[in-house]
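Work the whole structure out from these sequences, hints included.
Listed here are the chains, written in short residue letters.
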Amino acid sequence: MDHLRDSVPSTISDLFRKKLQMGFGCWSSLLLALPTALTSFPRFSADRLTHDLSWSIRPLKFHDSRILNEENSMKAGYKFVALASVLLALAFGLLHSRSSVSAASAGQVTGTVKLDGIAPHQRGIDMSKDPSCAAAHKDKPVTTENVVTGANGGLANVVVYVSQGLTGNEAPLSQPVQLEQKGCQYFPHVVAVDVGQHMKILNDDQALHNIHPQATKNAAWNKSQMPGGPPLDVTWASEEVPVPVKCNVHPWMQAYIVVVKGPYGVSDDSGSFQLDNLPPGNYTLTAWQETYGTQTQNVTVAAGKPTAVNFTFKAK
Amino acid sequence: MPGKVFAVVVVIVTLAIAYCVIAHVWWMPVDISVHGPNIDRQIEETLFGAGILFIAGQLVLAAFSFLYGDSKGTRKMKSFPGGAKPLIIFACVVVGIEILVLSFVGSKAWGSVYFTPPDPSSVRIDVQAGQFAFYFRYPGPDGKFGPLHPELISEGTQNFFGLDTDHDPDSKDDIVTAQLAIPVNKPVLLTLHSKDMGHSFDVRELRVQQDFVPGIVIPIHFTATQTGRFEIVCTQLCGLGHYNMKAYIQVLSQPDYDNWLKQQAAMQ
Amino acid sequence: MHDMTAHAAAHHAPPQGFIRKYVFSVDHKVIGIQYTTLGLVSAFIGMALSWAMRIHLAWPAASIPFLGTLSPNGAPGGVPTPEYYLSLMTMHGTIMAFFLLTAAPMAGYGNFMLPIHVGAADMAFPRLNMASFWVTFVGFVLACATFFIPDGPPLSGWTAYAPLSAVGPVAGPGQGWGQNLWGLSIALFCVASLLGALNFIVTTIDLRTKGMTLSRLPLATWAWFINAWVSLLAFAVLLPTCLLLVLDRLGGTSFFIPGGLVVNDKVLPHSGGSPLLFQHLFWFFGHPEVYIIILPAFGIVAHVMPTFTRKPLVGGWKVITYAMAAIGGLSFVVWGHHMFVSGMSPYMAMVFSVPTLIITIPSVIAVLVFAFSLYGANMRFSTPMLFCLGFISLFISGGIGGFFLAQPAVDSYLHATSFVVGHFHFTMGLSAVFAAFAGFYYWFPKMWGRMMNETLGKIHFWLSFVLVYCVFMTLHLMGLTGSVRRYSQFVADFMVPLTPTNKFITIAALLLGATQFIFLFNVIWSRFKGPKAADNPWHATTLEWDTTSPPPFDNFGGRQMTVYHGPMEYDGDAFVMQTSTEKSIAGT
Amino acid sequence: MSESELTMATGHEVLMEASPYHIEKKKLGMWVFIVSDACTFATFLFGYGYMRVGSQNWGTPFEFSSILNGIIMTFVLLSSSLTMLAAVRATQAGQKASANKWLGLTMLLGTVFAILHLREWVKMIGEGWRLFYNPMGGAAQFGACFFSVTGLHLTHVISGVIALGFVARGYNQGRYDESHVETAGLYWHFVDLVWMFVFPLMYLMNAR
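Chains as they are written, first to last, in this note's numbering: chain A, 14 to 329; chain B, -2 to 265; chain C, 262 to 849; chain D, 674 to 881.
Please note that a few of the clues may not be correct.
Straight-line alpha carbon distances no greater than 25 Å define the calculated SDA-like cross-link-like pairs of lysine to any residue that follow [as the list claims (entries may be wrong)]:
no.: 1; chain 1: B; residue 1: K183; chain 2: B; residue 2: P147
no.: 2; chain 1: B; residue 1: K1; chain 2: C; residue 2: V727
no.: 3; chain 1: D; residue 1: K700; chain 2: D; residue 2: I798
no.: 4; chain 1: B; residue 1: K82; chain 2: C; residue 2: G577
no.: 5; chain 1: A; residue 1: K213; chain 2: C; residue 2: A322
no.: 6; chain 1: A; residue 1: K329; chain 2: B; residue 2: P147
no.: 7; chain 1: A; residue 1: K127; chain 2: A; residue 2: V256
no.: 8; chain 1: D; residue 1: K698; chain 2: C; residue 2: V452
no.: 9; chain 1: B; residue 1: K73; chain 2: C; residue 2: R388
no.: 10; chain 1: B; residue 1: K73; chain 2: B; residue 2: F63
no.: 11; chain 1: B; residue 1: K169; chain 2: A; residue 2: K213
no.: 12; chain 1: A; residue 1: K329; chain 2: B; residue 2: P144
no.: 13; chain 1: B; residue 1: K169; chain 2: A; residue 2: Y305
no.: 14; chain 1: A; residue 1: K151; chain 2: B; residue 2: L249
no.: 15; chain 1: C; residue 1: K793; chain 2: C; residue 2: P275
no.: 16; chain 1: D; residue 1: K698; chain 2: C; residue 2: S324
no.: 17; chain 1: D; residue 1: K796; chain 2: D; residue 2: V822
no.: 18; chain 1: A; residue 1: K230; chain 2: C; residue 2: G521
no.: 19; chain 1: D; residue 1: K698; chain 2: C; residue 2: M822
no.: 20; chain 1: B; residue 1: K183; chain 2: B; residue 2: Q260
no.: 21; chain 1: B; residue 1: K73; chain 2: C; residue 2: D832
no.: 22; chain 1: C; residue 1: K579; chain 2: B; residue 2: P78
no.: 23; chain 1: A; residue 1: K213; chain 2: A; residue 2: D281
no.: 24; chain 1: B; residue 1: K141; chain 2: B; residue 2: L97
no.: 25; chain 1: A; residue 1: K327; chain 2: B; residue 2: D163
no.: 26; chain 1: B; residue 1: K75; chain 2: C; residue 2: D832
no.: 27; chain 1: C; residue 1: K527; chain 2: A; residue 2: P201
no.: 28; chain 1: C; residue 1: K282; chain 2: C; residue 2: I785
no.: 29; chain 1: D; residue 1: K698; chain 2: D; residue 2: K769
no.: 30; chain 1: D; residue 1: K796; chain 2: D; residue 2: L874
no.: 31; chain 1: C; residue 1: K764; chain 2: C; residue 2: S324
no.: 32; chain 1: A; residue 1: K329; chain 2: B; residue 2: G140
no.: 33; chain 1: B; residue 1: K183; chain 2: B; residue 2: G140
Rather than coming from a laboratory, the hints here were simulated on the basis of the structure.
Structure representation (structure tokens):
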């Protein structure tokens, strides 16, 4: 019963506390709105990514809508930044009012992803175009990573996330995720990120890379990072599965950023994954793999103890 | 005084430039193609003819500013004997002749590259240029190139040409590589495709430079006469990675070439 | 006569109020000065950009503080990213080629001098004239604005080759709104140039005063007149080209974008266009543009030199004028030599190669005329004269490169190397700039009524002259190694050994730029502190020296000028003004 | 506008007797403008030709109704040239009334042309033609070429009508004289001339 305590006020004081928090939430939202609107003005924004958030809503019906959208995206951008930041701030405020699940009452989902069948052949990558890249892999040849399997058929790089059942009010995960460019490859090959969660992009190579996510729901951007250049700090405005990332200077480089809402897990080489901090309740879990697409399962998460869920992808 | 100074400066500059050219301070790399010598000869002939005009022009300028620079304005003016007629005649005749020579010889050199049909027995290789790398395709044992499907191009999965190996039998054995290898002393026919922007295929040692034009397939053919490893660079502005868009071309002896192809086939 | 003067004076009261007088003025003199100032500003902006580029090329890791603040995005920590380097390059080309080299010598000096040269009180359409300046200005502002939008300026070069320039942001940073603004800015510049050309032509044909026959036109005016025709036809082609480009970008058309383009593994929704169409249209404008830039330079030199050689040009007004006309005419049939290796039919290459070589004949004639006019002369070495001599030397050096690049076979090796960079900087860049300097030092007294400082002027010349050779001749010769232009770093194996050369060029370029500040100081200082200029400080003959410095609002204080002589009536210290009734001494 | 500016616009005539080379400057200016404008149209048409030659599947969508419409438009525009001629004659003869009549008629015909043309456009857009889309499955360039070329011409016609309006007004108020009307006429005839290129190239060549 105690997982209900949050939703149903048991005492008058409890109810009062909630109202207070609600009110505080709304006020804080308004307070947040103004500065956000000002600081993310495209013309003066130091970081183009914050600006690009303002382009993140773009209807892609006709092939020219991109262009039409560009056409007025300047002023639209300004208006939208204000609007978006108000909404964002409202969301933050509400989150503030609804306290997120405490560790005690949090549920957990663990499991493994397996590949049924033989993994397709992974082609070798020839990096001779850029000697500095090739030098990093003298000893062992590099291959593509579209399907990576580990011990007893475990399938790696599968993102498992909650596609239904969340209230949508959860606060974004606080600790940033990391996408690293090393030896002219992306580490990790698949990286999942919560909406609003910060993402650091680093370049450990002696070569220049340009990071070019081809987002459709989020803003598509393209920015190059010099050897030893400062890390980029990125956030994503809306859910998108997946956002393919390319480096045009090294066309073989490929990563996928999976932007989801709420908890997520990414399977390791043995195929095992884990979703933490999930409030008890009924959910639909979705597993996404770059080659085999998505699978879904319904689960009921109970407080305290982990719930086991397994996915199996059939090899084509 | 300034007239004499100017004359001296101009002479020094002229001699310095002449030295740099004659002493090959900056010069063309070794030539490894059959048609290359024509182009080199053309360049050298032009350097000779134009160089003479250049030196003559600068020296005349220097001489006049030396001689007529510093009079005190007392001397009576002289004007050039015969006025402009000799100048015009000189320009028309001398430059005219130079132009005729250059066009005739030049058209031969140009023709040797572009007006000759490719040898039917040439090694055929497909080139795909894109932001910002070159990729090459060998037809494989069946000697046939499979059709291209732009919508299938996916560099992440190493499908740089958009081949459909599941459905096109010809594509199955096509060998796609990131380096270009060609057999020495055998005519080679490249067909240039560009998947996105304008690019250019430039190998200095081969004296070959040809733009890729998206939407058009451009054939170029040449024969390399020396083995070695050389650089292919992009010389047509194609975006932020332009400066780093390159690949290597290996000119190999026939057996080495065959082995190399086998290796590459294995790597597919 | 008297009442006529009064009458004129009554009708020619200068406008009152600062705005009408100096900002939105219809007075061709003010507009000329506005254009000249715009040119100066562009010159220094463009120079700053080239500095940034050169520093980055020589020391790729060097941090350029100003850049870091200008664009934290394009140059994090002041080190320009490759795309930002290309943006700098694009804007350097655009600002220099359009807003300095096209605007200053023609629209700047021309606006000020042409009506005076022909003895008119103003341009034929003064308000059109004002319009063309302010449209140019808006274009300039738009071009500069690209630095302040998040993605920064476009990176497709001043030639803006499609499809790189046509497919939008997916092609790279700066290809979004940067490229749109660029297209808009150039379109506006075209409109302004067309209006200007129209004005120049009508003024020259229509407003010449009594006795000002075509044979008596000053040669600068001849050049501006011919040039006006060239720009009239050339910009009339660039304008629609820009429009089509913008249509491709914003309207979804596919004039310049072929089908099946795959950028970032996505097939673009365009089909059927041709990148070569863009190249043809652009270069049909682009090559005449080169002559649009150099013809006024010829004119200025032909106008200035006789004043200091104290004798007419060889062959009088005819030879040089016909040469300029021939160059202007031929410039429309040679554009293909920019496209020898760009996928055009190799047979067309020969077709374009021959006229390109032929165009050297009138050019050589012009140069010979300049050089042999020094024969038996009696030179006065004022700064303008020095710059004229410099112009001749530079133009010879640059022109020679034409013999190479005009031949497809040779071009197939030299194309897109720094040889080309050196070549066009010598011809359309530095030659034109030297002529512009000559004109500036020459006309400064007339424009502002004060003399410029000769010593500073001479220092400016000597340093510039030597350093120009250090920078651009080195680039020129370095091109023989095939070192590729438009590279933001020398990473190609064969270009790495060139790094020392590169450093040398950079240092020379920085010094060359620094030298220009001597000029800037000279201008500002002389403008306010320089000695008052006489009406005719150079003992020249043309009409602008026949009035006060600076000229009154109606140019001649209500006098009706009547012309009896050609512009080159010099014989040593003796000279005959065009308006004087004495008999001719130089038989022109 | 200020008195001084007026004199600036006309200063030199006041200042000096007409030079021996004096041509009517407005007319000359118009001729020069026409030269450059011709180049602009030429560029558009060249682009159209390039597209057309370059494409394998160039559709020829116009069936008889459109051609008929085009013929009517041509007739209207040509007759507007005649009325313009009459207007110029009238102004030169100083017959204000008939000049007004003819100018009005010219503007009317110009407007009719524009309306007919816009009707055509609306019809095509209704059929699904876009700058980037060809509902008949042929080359997508057709829409681009058709709308840009005819659009440019239509802009010229409409601005011509407006200009004529201003000239007529000024002429009635006595601010303008016959030379202004003649200059406007020059422009109008040029627009007609261009149509004589546009019509066969854009319509007749694309008839079913």
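Do the hints match the structure? See the list:
1. K183/B <-> P147/B: Between K183/B and P147/B the Cα gap is close to 31 Å, so the pair fails against 25 Å, i.e. violated.
2. K1/B <-> V727/C: 15 Å, holds
3. K700/D <-> I798/D: 39 Å, violated
4. K82/B <-> G577/C: 12 Å, holds
5. K213/A <-> A322/C: 23 Å, holds
6. K329/A <-> P147/B: 23 Å, holds
7. K127/A <-> V256/A: This hinted pair holds, its Cα atoms lying about 23 Å apart.
8. K698/D <-> V452/C: Given pair K698/D, V452/C holds - Cα atoms ~20 Å apart, limit 25 Å.
9. K73/B <-> R388/C: This hinted pair is violated, its Cα atoms lying about 48 Å apart.
10. K73/B <-> F63/B: 17 Å, holds
11. K169/B <-> K213/A: 41 Å, violated
12. K329/A <-> P144/B: 24 Å, holds
13. K169/B <-> Y305/A: 22 Å, holds
14. K151/A <-> L249/B: This hinted pair holds, its Cα atoms lying about 22 Å apart.
15. K793/C <-> P275/C: Holds - the C-alpha atoms of P275/C and K793/C are around 23 Å apart, at most 25 Å.
16. K698/D <-> S324/C: 57 Å, violated
17. K796/D <-> V822/D: Holds, at about 17 Å.
18. K230/A <-> G521/C: 24 Å, holds
19. K698/D <-> M822/C: With Cα atoms ~20 Å apart, K698/D and M822/C stay inside 25 Å; holds.
20. K183/B <-> Q260/B: OK: K183/B and Q260/B at ~21 Å, within 25 Å.
21. K73/B <-> D832/C: 8 Å, holds
22. K579/C <-> P78/B: 17 Å, holds
23. K213/A <-> D281/A: With Cα atoms ~20 Å apart, K213/A and D281/A stay inside 25 Å; holds.
24. K141/B <-> L97/B: Outside the cut-off at roughly 45 Å; violated.
25. K327/A <-> D163/B: 19 Å, holds
26. K75/B <-> D832/C: Judged against 25 Å, a Cα distance of about 9 Å means the pair holds.
27. K527/C <-> P201/A: Status holds; Cα separation ~23 Å.
28. K282/C <-> I785/C: OK: K282/C and I785/C at ~21 Å, within 25 Å.
29. K698/D <-> K769/D: 23 Å, holds
30. K796/D <-> L874/D: 20 Å, holds
31. K764/C <-> S324/C: With a Cα-Cα distance of about 16 Å, the restraint between K764/C and S324/C holds, given a limit of 25 Å.
32. K329/A <-> G140/B: With Cα atoms ~29 Å apart, K329/A and G140/B exceed 25 Å; violated.
33. K183/B <-> G140/B: Since the Cα atoms of K183/B and G140/B sit roughly 16 Å apart, the hinted pair holds (cutoff 25 Å).
Hints 1, 3, 9, 11, 16, 24 and 32 from the list above are not met by this structure, while the remaining hints are.
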